[in-house]
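Dock chain to chain to rebuild the complex, using the hints, since each chain is given by itself in its own frame.
As you go down the protein sequences, you meet chains A and B in turn. So that you can map any letter, position 30 of the first sequence is 30 in the numbering used here, and since no number is skipped, the others follow by simple counting. So that you can map any letter, position 51 of the second sequence is 1051 in the numbering used here, and since no number is skipped, the others follow by simple counting.
Hints should not be assumed to be uniformly reliable.
[Said to hold, decoys possible] Quick list of the computed label-pair ranges, beta carbon to beta carbon:
no.	chain 1	residue 1	chain 2	residue 2	range
1	B	R1063	A	E17	42 to 50 Å
2	B	L1039	A	P8	16 to 24 Å
3	B	G1056	A	S7	23 to 31 Å
4	A	N64	B	S1027	32 to 40 Å
[As the list claims (entries may be wrong)] Computed, partial: chain B to chain A, Cβ under 8 Å:
no.	residue
5	G1042
6	P1043
7	Q1048
8	E1054
9	G1056
10	F1060
11	P1061
12	F1069
13	L1088
14	L1090
15	Q1103
16	F1105
17	G1108
Simulated from the structure, these hints should not be mistaken for laboratory data. Idealized CB from N, CA, C, for every residue including glycine.
Take a look at the letters that make up each chain.
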Amino acid sequence: KNEVEQSPQNLTAQEGEFITINCSYSVGISALHWLQQHPGGGIVSLFMLSSGKKKHGRLIATINIQEKHSSLHITASHPRDSAVYICAGINFGNEKLTFGTGTRLTIIP
Amino acid sequence: ETGVTQSPTHLIKTRGQQVTLRCSSQSGHNTVSWYQQALGQGPQFIFQYYREEENGRGNFPPRFSGLQFPNYSSELNVNALELDDSALYLCASSYRGGSYNEQFFGPGTRLTVL
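The shape of chain B in the complex, shown without the other chains (with noise of 0.2 Å):
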């Protein structure tokens, strides 16, 4: 395991409704990042945050925003769901303070929109 959590494991929502998903990073990190994963697809980038700021973002509409607490965990919101939204969502933390830092992935959240 990593030590690196996500909550809720799974979650069902209706269009046009909001959701928050949950990132516990593992201990001693200081960066996380949020992927989206569609059915048959591989992941791709969202956002990430470091020291509690957006810090890069990949090709999301604004309805995706995210928070970094000071205890660098971190929630991703999504705005007005829609079906495409529908995918598992990764999170995935680091310590940035070296060169290339490892990333570590948390289970996932998988999200189904109806």
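Just chain A, same shape as in the assembly (with noise of 0.2 Å):
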């Protein structure tokens, strides 16, 4: 059973809607990567967060830790937004990265 886990695996929506991408994680994990691959491979780390809410631009991410759960959400949702987004888990003292298995956002001009 992976550490972390993502759901959606895919989600196709139009574009402006609100979307919501939920992670799940397990204890020994204690922050998260929200990281963005577009197609070619390329990542880009989107937020890092142990507590609370952070926003950047159109991006949000909360994590709840009593509960193990992140969400990053995009408001305003635009086709460029299209790409795989990755939660990763960091284990505090080893650094190591534990990744969920992506969800494939597809936005629709």
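Set out below in structure tokens:
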């Protein structure tokens, strides 16, 4: 069983819709990265958070430590948001990232 | 851009050969991690180097080895290449010294083993 579980695996939405991607993680993971990967492979770090909420432009990430759950939200989605979004858990102390399976997001114009 | 660079961007090798992939860390970072991402899969942790020493390893055989240099650049070496080694290899650098250390990824090297 993976220590980091993501849902949904695939998500298709119309331009302008509000998007939510969920991530659950197990004991031992103490912070989360949200990452974006476009076709071709390059990974961009969107957020790293260990508590609360962070916002950057149309992207919002929240984390609930008690429930071991995090969400990534995209407001006013746009076709350029189409990518694979990955949450990755950080094991404090050994710095190892454990990746979720990713959510493939497609925004249709 | 993150400031993390990798070379080469693409590489084709044949089974049994050896390959060296390179990563240049973001300025000020002292830790580099390497990941393997097979097609359609999420990245898998290979190992991490901190201050020139291996500091954690995933479930990869010894033919995967690495180095970190005094300038914190790094190499990933793979010996006796197998077809299943075909993947995108990602490095990520970070600064260890605080609490949680955000990792910044390079663009990756796509290795094809024929």
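Could you tell me which of the numbered hints above are not met by this structure, giving the numbers in increasing order? Per hint list: 8, 10, 11, 12 violated.
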